[in-house]
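*Asks:* Listed below, chain by chain, are the residues.
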Amino acid sequence: MNEPLLKPTCESDLVDAIASCEHVVAIGNRTKPAMSPGSGVTLVSLSAMTGIIEYEPSEFTFTARSGTRIDEVRDVLSERNQYLPFDPMLVDAGATLGGTVASGLSGPGRFRFGGVRDFIIGCVFVSGDGKVIRSGGKVVKNAAGFDIPKLMVGSLGRLGVMTELTFKVFPKPLSTLTLSVACESYTQLIDRIQQAASSRWELDAIDARPNELKVLLRIAGPQEANQAIASEITSRWTGDVSELESCEAFWHSVTELTFAPHRSHVVKVPTASTVFSSLDHHVSAAGNVTWIATDDVTDLDAKLTKLGVPGLVVRGEWSASIVGKIHTSHMSRNIKTAMEPHGRFPG
Amino acid sequence: MSSTASDHRLAGLRKLFPVQRFVNDKASRSAFESDGLTAFRAKPLAVVIPETADEVIAAVRWCFDNDVPFVARGSGTSLSGGSLPVADGIVIALNRMNRILKLDPESRTAVVEPGVVNLKVSQAAAPHGLYFSPDPSSQSVCTIGGNVAFNSGGAHCLKYGMTSNHVLGIKAVTATGEVVTIGSTSTESVGPDYTGLFCGNEGLFGIAIEITLRLLPKPEVFHTVLVGYDSLRAAGDAVSAVIDSGLLPGAMEIMDALSIEAAEAAVKCDYPRGAAAVLIVELEGPREKIAFEREQLSRVIAATKPVVEMVAKDDEERMRIWKGRKSVFSAVGRLSPDFLVQDGVVPRKRLGEALVAIEKLSRDSGIRIANVFHAGDGNLHPLILFDGNVDGMLHRAEAVAAELSRLCIAMGGSITGEHGVGMEKRDFLPHMFDENTVDMFDRLRRAFDPKMIANPGKMFPGTEAPALAMTGLHPLEKAGVIQRE
Ligand SMILES: Cc1cc2nc3c(=O)[nH]c(=O)nc-3n(C[C@H](O)[C@H](O)[C@H](O)COP(=O)(O)OP(=O)(O)OC[C@H]3O[C@@H](n4cnc5c(N)ncnc54)[C@H](O)[C@@H]3O)c2cc1C
Ligand SMILES: Cc1cc2nc3c(=O)[nH]c(=O)nc-3n(C[C@H](O)[C@H](O)[C@H](O)COP(=O)(O)OP(=O)(O)OC[C@H]3O[C@@H](n4cnc5c(N)ncnc54)[C@H](O)[C@@H]3O)c2cc1C
Numbered sequence: 001m002n003e004p005l006l007k008p009t010c011e012s013d014l015v016d017a018i019a020s021c022e023h024v025v026a027i028g029n030r031t032k033p034a035m036s037p038g039s040g041v042t043l044v045s046l047s048a049m050t051g052i053i054e055y056e057p058s059e060f061t062f063t064a065r066s067g068t069r070i071d072e073v074r075d076v077l078s079e080r081n082q083y084l085p086f087d088p089m090l091v092d093a094g095a096t097l098g099g100t101v102a103s104g105l106s107g108p109g110r111f112r113f114g115g116v117r118d119f120i121i122g123c124v125f126v127s128g129d130g131k132v133i134r135s136g137g138k139v140v141k142n143a144a145g146f147d148i149p150k151l152m153v154g155s156l157g158r159l160g161v162m163t164e165l166t167f168k169v170f171p172k173p174l175s176t177l178t179l180s181v182a183c184e185s186y187t188q189l190i191d192r193i194q195q196a197a198s199s200r201w202e203l204d205a206i207d208a209r210p211n212e213l214k215v216l217l218r219i220a221g222p223q224e225a226n227q228a229i230a231s232e233i234t235s236r237w238t239g240d241v242s243e244l245e246s247c248e249a250f251w252h253s254v255t256e257l258t259f260a261p262h263r264s265h266v267v268k269v270p271t272a273s274t275v276f277s278s279l280d281h282h283v284s285a286a287g288n289v290t291w292i293a294t295d296d297v298t299d300l301d302a303k304l305t306k307l308g309v310p311g312l313v314v315r316g317e318w319s320a321s322i323v324g325k326i327h328t329s330h331m332s333r334n335i336k337t338a339m340e341p342h343g344r345f346p347g
Numbered sequence: 001m002s003s004t005a006s007d008h009r010l011a012g013l014r015k016l017f018p019v020q021r022f023v024n025d026k027a028s029r030s031a032f033e034s035d036g037l038t039a040f041r042a043k044p045l046a047v048v049i050p051e052t053a054d055e056v057i058a059a060v061r062w063c064f065d066n067d068v069p070f071v072a073r074g075s076g077t078s079l080s081g082g083s084l085p086v087a088d089g090i091v092i093a094l095n096r097m098n099r100i101l102k103l104d105p106e107s108r109t110a111v112v113e114p115g116v117v118n119l120k121v122s123q124a125a126a127p128h129g130l131y132f133s134p135d136p137s138s139q140s141v142c143t144i145g146g147n148v149a150f151n152s153g154g155a156h157c158l159k160y161g162m163t164s165n166h167v168l169g170i171k172a173v174t175a176t177g178e179v180v181t182i183g184s185t186s187t188e189s190v191g192p193d194y195t196g197l198f199c200g201n202e203g204l205f206g207i208a209i210e211i212t213l214r215l216l217p218k219p220e221v222f223h224t225v226l227v228g229y230d231s232l233r234a235a236g237d238a239v240s241a242v243i244d245s246g247l248l249p250g251a252m253e254i255m256d257a258l259s260i261e262a263a264e265a266a267v268k269c270d271y272p273r274g275a276a277a278v279l280i281v282e283l284e285g286p287r288e289k290i291a292f293e294r295e296q297l298s299r300v301i302a303a304t305k306p307v308v309e310m311v312a313k314d315d316e317e318r319m320r321i322w323k324g325r326k327s328v329f330s331a332v333g334r335l336s337p338d339f340l341v342q343d344g345v346v347p348r349k350r351l352g353e354a355l356v357a358i359e360k361l362s363r364d365s366g367i368r369i370a371n372v373f374h375a376g377d378g379n380l381h382p383l384i385l386f387d388g389n390v391d392g393m394l395h396r397a398e399a400v401a402a403e404l405s406r407l408c409i410a411m412g413g414s415i416t417g418e419h420g421v422g423m424e425k426r427d428f429l430p431h432m433f434d435e436n437t438v439d440m441f442d443r444l445r446r447a448f449d450p451k452m453i454a455n456p457g458k459m460f461p462g463t464e465a466p467a468l469a470m471t472g473l474h475p476l477e478k479a480g481v482i483q484r485e
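Chains A and B supply the protein sequences, listed in that same order.
Its first residue numbered 1, the first sequence is counted upward by one per residue in my numbering.
Its first residue numbered 1, the second sequence is counted upward by one per residue in my numbering.
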C-alpha cells in the first residue's frame with residue numbers, strides 16, 4: 001500500500017495533519033493491518049511521538065506518549081519492580097501504547113486484576129475536528145467528567161488520535177509458577193477452569209488449550225506460597241498436573257500469538273465460559289477470551305455471525321477489522337459524530 | 001406552574017402507571033425534594049415508581065416526547081446533589097426494581113435491576129464464595145444504578161478499582177428513548193468501551209435498566225491492622241512506606257483525632273487512646289500468601305514509629321475496626337448538627353502536604369474539619385462541620401469546601417474521587433478540565449440526550465437547577481417553586 005504517510009513529531013503538528021486531510025488513519029507500527037484500513041486515506045503515524053513523560057512509582061502511575069513501545073515501558077517499570085498486570089500483547093513484536101489501547105488487547109493477566117480498560121486512567125487525544133482533549137487524569141481514583149479514556153479502549157482509531165496516555169501500574173509479584181493440568185474430557189476442562197476461577201487460590205492467569213485438553217494455571221506471589229498452593233492443586237486434581245519448566249516461553253507464545261501457525265489469521269473473540277465449546281484454540285482469562293487461528297476468515301465470520309458475537313482480526317490482513325456480529329445503534333453513531341463531526345476517521 | 005396546569009400536562013404520564021405508583025401530592029413530592037446533600041432542595045412535578053424496565057422506557061419516552069426533564073433516583077444517598085430533582089421535572093424512582101435477575105456462579109456474574117442495593121449482591125453471591133467488590137460506605141442502602149451513575153468507590157478501590165471495573169454490560173434507555181445493550185457477559189469486548197463510558201455519567205445519558213456485574217471469589221483470609229500515630233503526617237507517610245515496600249493491600253484508610261472521637265462515641269470501637277491519627281491496613285488473599293505478607297507489613301510498620309499497633313485477632317475484632325471506620329460519617333452527626341463531605345483526590349505522595357493545608361484552612365476559617373480518607377488512593381473525605389441554623393454558616397462551610405476543591409486541582413488531583421460532580425461541584429468542572437474537554441463532555445452528553453432532559457443542571461456549570469445558599473432567597477424560592485426547611 002502506498003498511501004501518503006505523515007509522521008508528526010509533536011501535538012501541534014498532529015493537529016495540523018488531521019485538520020489538513022480528508023481521511024485519516026492513525027497507526028502505531030501498523031502491524032495489525034486489518035485494523036487500519038488504507039486506500040484513499042492519509043496515514044498518520046505516531047511512531048515519532050514517543051517517550052515516557054512522567055513515572056511516579058509511589059503513585060502507581062506513569063504517563064507516556066502514545067507512540068511509545070510497550071517494551072520500553074515494561075523495562076522502565078521493572079526497574080522499580082512494577083508492571084502492567086493485564087499482560088500487554090505483542091510487546092516483542094513492537095506494539096505501541098496507542099495501538100494497544102485502540103485495539104483493546106489484553107493478555108492472560110487480565111484475569112486477575114482486569115484488562116487494559118481497567119488500567120488506563122487518562123488520555124490526551126486529538127478529536128476529528130482538530131481539538132486537543134485532555135480527559136481522565138493522573139490519579140488512580142477519579143470520578144470527574146465522563147470516562148473518555150475507557151471509551152478509547154477498542155476504538156480502533158475511529159474516535160480520535162491518542163497522543164498521551166496515563167496508566168495505573170501495580171507492584172510485580174515476587175515470583176510466578178505455572179501448572180499444566182491435563183483433563184480427561186472437555187467437560188472436565190470447563191469444570192476445572194470454573195473451579196480454579198472461584199477458588200481461594202487467587203490465581204494470576206487461567207488459560208486453556210481445549211484441543212489438547214489442558215488447563216494452564218499461573219500462580220503469582222512469594223515463592224513458598226506459590227509452592228504451597230501448587231501442591232494443593234496437584235493433590236486435589238490427581239492425575240497429570242505438572243509444573244511447566246518453560247513457563248516464560250509458554251506465556252510469551254500466548255501474548256505474542258506465536259502459538260498459532262505462522263500464516264494463519266488470528267481473531268480475538270470475547271466469550272463467556274459457555275460459548276467457546278463450539279470454537280477451538282487458545283482460551284484465556286478463565287474462558288472470557290478465545291484466540292482463534294484460522295485460514296478461513298470468511299467461514300469464521302459466518303460462524304460468529306450465527307452465534308451473534310463479534311471477533312477482532314488481530315493478525316493477518318483482512319478487509320474488515322471486525323468480523324461476526326457487530327451492533328450499531330443511534331447511540332454509537334451519535335458518539336462518533338460528537339467526537340469527529342467531519343467523518344475523517346474510518347467508519 | 002399551577003396544580004391544575006401541571007395535572008393536565010402530566011395526564012399522559014399518569015396513564016402509564018397505576019395510581020399508587022404515580023404520586024404528585026405535596027407530601028410525596030417533599031419526600032423526594034433532596035438527596036444526601038440536603039442543602040439543596042427542589043420539589044419535582046411528580047414521582048413515578050416503575051416496577052419493570054418497560055415502565056422506565058415508557059416514562060423516559062414520555063419525557064422525551066413532552067420535553068419534560070427527569071432524574072433517575074436510586075436511594076438518594078448522593079452527597080453531591082446528583083439525585084436532586086429538577087423543579088419542573090419528574091423523578092423516576094427505581095427502588096422497586098430490586099430483583100437480582102440471574103446469579104451465575106459458573107461465569108461469576110450477576111445480572112441485576114438498577115434498584116438492587118449494593119450489599120444484597122454480595123449477600124446473594126456469598127453462598128457461592130463470591131462477592132461484589134465495590135463497597136461504598138453506604139453499601140447497605142445505595143443502589144447498583146446509583147453506583148454505576150457515579151462510578152462509586154469505597155475502601156477497596158486501590159486493588160480492585162471502582163464500580164466500572166466490575167460492570168461488564170448494561171442495558172439502558174438513553175434520554176431519546178432508545179434502548180441500547182452495551183458490553184456483554186464477558187470481561188472482554190470488541191469495539192469502543194461504551195460500558196466504561198456509561199459508568200460515571202451521573203444520570204446524564206439515560207437510565208440503566210439492567211446491569212451485568214462481575215463477581216470475585218471472596219478472599220480466604222484477611223489481616224487487618226490498626227496503627228496509631230502521633231501526627232496525621234506520620235500516618236500519611238506510613239501509607240507511602242507500605243506502597244514502596246511492594247505490598248498491595250486491599251485497603252488503607254486514615255482517620256484523624258476528631259473522626260476517632262466521633263466513631264468512639266457512636267459505636268465504641270475501642271480504638272487506641274491518645275493517637276492523633278490511625279491508619280488501617282488490610283491485607284487479603286490465600287493464607288499462605290498472607291502469612292508471608294503479614295511479616296513484611298509488620299516490618300514496614302515498625303519502621304514508621306507508630307505509637308500503638310493493634311492486629312485484629314479474629315473476625316470480631318476486624319469487624320470492630322471497620323465498624324469504627326464505616327460509622328464516621330453518621331457519627332460526626334453527634335459532633336455537629338450539619339456537615340458537608342468533601343471528596344477530592346491528591347497524588348498520594350502529597351497527602352501529608354494536603355493535610356497540613358486542611359488543618360490551616362480549618363484554623364483560619366474557624367470551621368472544624370474531621371478527616372477520614374481512602375489513603376491508598378489519595379482520596380480525601382474531609383467532613384466540614386457547621387450549624388446550619390447559624391446565619392451564614394452554610395455559606396462559610398461551602399467556601400471551605402470550594403477551597404479544598406481548588407487545593408486538589410492545584411496539587412494535580414481530582415475534584416471528586418467517587419461521589420460525582422453533581423450539583424455541588426459543577427462550577428469546578430471547568431477548573432479541572434480545559435474548554436475543549438468540557439465542550440467534548442457536552443457533545444457526548446448531547447449524543448445521548450439532544451434535548452438535555454436527563455438530569456439537567458448537574459455536572460456542567462449552568463443555571464438550570466437551583467443553587468441554594470443560605471444568604472438571601474433564590475429566585476425559584478421567591479417564586480415558591482423550591483423551598484428549604
Ligand atoms: C517484527 C514484527 C513482528 C510482528 N509479529 C507479529 C505477530 O507475530 N503477530 C501479530 O499479531 N502481530 C505482529 N506484529 C504486529 C504488531 O507489532 C502488533 O500488532 C502491534 O500491536 C501493532 O501495534 P501498533 O501500535 O503498531 O498498532 P497498529 O497496528 O498500528 O494499529 C492498531 C489500531 O490502533 C489504531 N491506532 C494506533 N495508534 C493509535 C493512536 N495513537 N491513536 C488512535 N488510534 C491508534 C489504528 O488505527 C488501528 O486501528 C509484528 C510486528 C513486527 C514489527
Ligand atoms: C453515609 C454515606 C456514605 C457514603 N460512602 C460512599 C463511599 O464510600 N463511596 C462512594 O462512592 N459513595 C459514597 N456515598 C455516596 C453514595 O452513596 C453513592 O454515590 C451511591 O452510589 C449513590 O447511590 P444511590 O442509589 O443512593 O443513588 P442516588 O443518590 O439515588 O443517585 C445518584 C446518581 O445516580 C443517578 N442514577 C441513579 N440510578 C440510576 C440509573 N439506574 N441509571 C442512571 N442513573 C442513575 C442519579 O440520577 C444521580 O445522578 C456515601 C453516601 C452516604 C450517605
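Bear in mind the hints are in silico, worked out from the structure with no lab data behind them.
Every residue gets a Cβ at the ideal spot worked out from N, C-alpha and C, and that includes glycine.
Do not rely on the hints blindly, as some may be mistaken.
Label-pair ranges, simulated between beta-carbon atoms [said to hold, decoys possible]: (1) Leu213/A <-> Val307/B: 54 to 60 Å; (2) Met319/B <-> Leu244/A: 39 to 45 Å; (3) His128/B <-> Glu56/A: 36 to 42 Å.
*Asks:* Given a hint of 54 to 60 Å, does the C-beta separation of leucine 213/A and valine 307/B actually sit inside it?
*Replies:* holds, 58 Å
*Asks:* Take the C-beta atom of methionine 319/B and the C-beta atom of leucine 244/A, compute their distance, and say whether it sits inside 39 to 45 Å.
*Replies:* Check passed, 41 Å falls within 39 to 45 Å.
*Asks:* When you take the CB atoms of histidine 128/B and glutamate 56/A, is the distance between them in 36 to 42 Å?
*Replies:* holds, 39 Å
Violated hints: none; the structure is consistent with every hint.
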